[in-house]
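K.L.:
Can you join these two chains into the complex? Each is in its own frame, and there are hints to help.
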Amino acid sequence: MFLTRIEEKMLSGNMGEAVQLAARIVVKIGDVLGAERLVTIEDAHISGISFKNIGDSGLEFLMMLVEKNAKFKVPTTINPAGFDFKKWSKMKIDSYFLEKQKRVIDCLVKMGAKPILSCTPYEVKRIKYGQHIAWSESNAVLYANSVIGARTNREGGPLAIFEAIIGRAPYTGLHLNENRLPNVLVQISDIKEKVSPALVGYALGMIVKKGVPYVKNFYFKDLNEVKLFLAAVGASSSIGLVLLEGISPDLLRNRRRIRKIKLNKVEITKDDLENAYSKISRELTNVDAFLLGCPHLSAEELEKIHGFLRKRNVEKRLILFTSRQVIEENSKIVEELENKGVEIYGDTCMVVSDIRKMGIKRLILDSAKAAYYLTAQGYEVSLLDREEILRIISGE
Amino acid sequence: MKIKARTIVEGQVEGKALISKDPISFYGGVDPETGIVREKGHSLEGVSIANKILIFPYGKGSTVGSYVILALAKNNVAPKAIINLESEPIIIIGCILTGIPLVDRPEKNIFDIVKDDDNVKVIARKDSAYILVSRDKFREKL
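Residue numbers (my numbering), protein chains in the order written: chain A, 1 to 396; chain B, 1 to 142.
If you're looking for bench data, these hints aren't it; they were derived computationally from the structure.
Keep in mind the model is a prediction, meaning the values are calculated, not measured.
There is no bait here: all hints are sound.
Result set (BS3-like, lysine-lysine): computed pairs, CA atoms no more than 27 Å apart in a straight line: (1) K40/B to K361/A; (2) K279/A to K21/B; (3) K357/A to K279/A; (4) K209/A to K21/B; (5) K40/B to K270/A; (6) K28/A to K4/B.
Not everything, but these chain B residues come out facing chain A in the computed CB check (under 8 Å): (7) P32; (8) T63; (9) P89; (10) I96.
Even for Gly, the Cβ is constructed at its ideal location relative to N, Cα and C.
Just chain B, same shape as in the assembly (with noise of 0.2 Å):
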């Protein structure tokens, strides 16, 4: 499955998926030690984000969450590239500055097609972006 998005920072990386359906806020939200989403009652809350295609609708919160990127990169511990319905301010300056590839604005209802764990590949180029979903076979089963 290829999904047409828009590059918001460019980069070519492949990954396993994480979901969150709920907006997210780095600062207060996530452990910028452990990648790990502490924020209470959150879709996350106990599951780390570090090395994962990170796929949430949108930021919230603090502005001080692009700091919080800059230390999760720092600490090894960042997703290796963010997928968004409509990116905004905070993660894209976090983003930029730690060059982890981010996409907006995917043409399909990415929370439809991708599931947690699939391979997930980002394709960030200048003028366009994809995302390639495969799903391991005997997940299909599952």
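The shape of chain A in the complex, shown without the other chains (with noise of 0.2 Å):
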């Protein structure tokens, strides 16, 4: 691989061992993925952050990093934590895990991460079209890929980290125009009844798998359908681009490239979505609580939320999970929400935090990628959509 000057002084310890160690790991990754040389990154989101999820070893491996005076060079910003850092007690949050989970952030805001928990830093942070970033979280890669026009792998979440020290990563896979061009052709088959745009993004992803799908005829209603939808492709596939028509700027600028491309069709039929429901949802009627905020629910979903409930009753549990700066920048939306029996939680959310513990195991939520993780982790899970919940929370 060609290394600047800068990048070989980085290699040979000169910058110190955290540095070297970053660009031992980044530069073998690159090597191993066929690049030609790095590329310098704006920056960076890095997941596994939830001590839930990465335990004693990655909370050493940290820990391990800040001895070596780790330090990151470019803006970053993390995953959500296992709970909320002002009201973990009404999680039934343990002072083992408390402790264990603080450290975790501490070694992160040490090596100068800003402590903004949330999953989605498209809208905590503002990121450009072109820009070259290195995000973990796979919603997130997908959002900056297909909404923003920023490129972005999905990168693991230890790789995240290494690249954020030294500010650059592997100049493959997205972070090259022509991997950015459509392979295949997506068409969602007519059907009559609204579909939920989660689930078709879930099915989606287990038909395509991988590489960069375009779809043409599939409307949203607004971005918040996108989030739900590129969400829910990220848990199904190892996919980190969509080409969605009239969202995504790529489309615009590879236009001329594309029209000559012939590609494969793939359709999406009411089979599929049947399919894909029984993957990740059953039919519930008794359920202990209604989530919604995976994706974290932005200001604009939180105000929507309000605006609804405002003046209906709130009949049955629903929690939220945002960021802490939503939280703190619609204090009165959620003070309001919380008079009316709502919880709101930030920092966290409903797949990384220990929702158990809340006396929740049967549950409904609008999120495909959450009922795919819970599932996993043995909940019972049932996916509707967040007009559906809504009426239902208010009893209507």
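P.N.:
Shown next, in the form of structure tokens:
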């Protein structure tokens, strides 16, 4: 691989042990993936934050980096942790877990991460079209590539850390324009009733599995639906970019080239949707709670939920997950919702916390991604549209 | 039998082969405490990968998988070495940080040649890698 003089210096150990380790690993990964050089990145986002997921060995890994004086070279945010830092006792977190989780965050902050714990970095910081970034967290990768037109591969949790330390990533995969062209055309067959975008995304991932799908005739009501759709794609596939008609900037940029490509067609039928549904959802009558916020709710989504419930009663247990930033910037809405009995948590989410401790075993949600991960964790899950969920909550 | 391969993480170890024709997701797929595969329907479901020469096509699933490889090593239930058809970053980083020898791109179809419990020696040097396979005599007759 071609390395610049400064990159050689990083590898040599002249810039410290942490930089050397990070450079060694990023270059190794680049070599294996066939990258000809590294690319400078402008931003990083790190997954693998909850102590529930990374455990003691993950914490030791982070402590090792801190000991070697590792520092992030680019603005870096992190994924949700195992609980809300202000309401952890309400989430029945024990002091052991509390302590360990705090140490994980401490390590990352010492390395220079902003303590914004969110899986929607695209809503808490400004990323621009064409920027090279290194994000882990699959839903964020898909959103950055597909909606914003920034460029990132699906980085593994520790890889994003190493890339943030040297400010570079292997120049390969979705960093290169030629790999951002579609290689399969996805058509969603004419289905009369309204279908959930989350379910369509999950089915698309199951069927297409990898590469760059081009979705032509599917209508999204708003960007929140796109978010749920992309998160589902990320859960059921290794896809990092979906080209969405009318949304993805790459379609405009490459329109001449795309017109010349003869694409294989894949159709998603009603049967495919039913098959996808059967993998992650079942009909449930009695549930412990209704959960929204995978990915984290944006301020706009929170406002919409508030708008709907404002003049209605909240008759069922509703739990919302968002970032600390959204909670603080919308304190009045949060207060009004909480007064109605809605529970709102920041810093964490339904997948990486332990909602069993909150008395939840059977639940209804609108996220196919969360449905997949929670089903795998042994929960009984039912997938419904957000509008339906809100109607049920308010007794309509 | 000697098979050439590509070195990703250097090392030299010997052990019993364990073969998975299915890709492996370490996060969610393997119990970090015991090394037992717990993914429902996986060809290795219920089998421990601890101290084996683990052979599988490639990794899949969550990016948190690297951390599970760290946990397996800490709990002394990691594989002795990993052989992939094609390695990807999640597995590579896990192996670099734990020092588990990792090779990929074997030049012969390893799934045809190696069977479970064969003796396998992985020699992964900086510029070359070899996989040496031998079968106990009494097993030949079975």
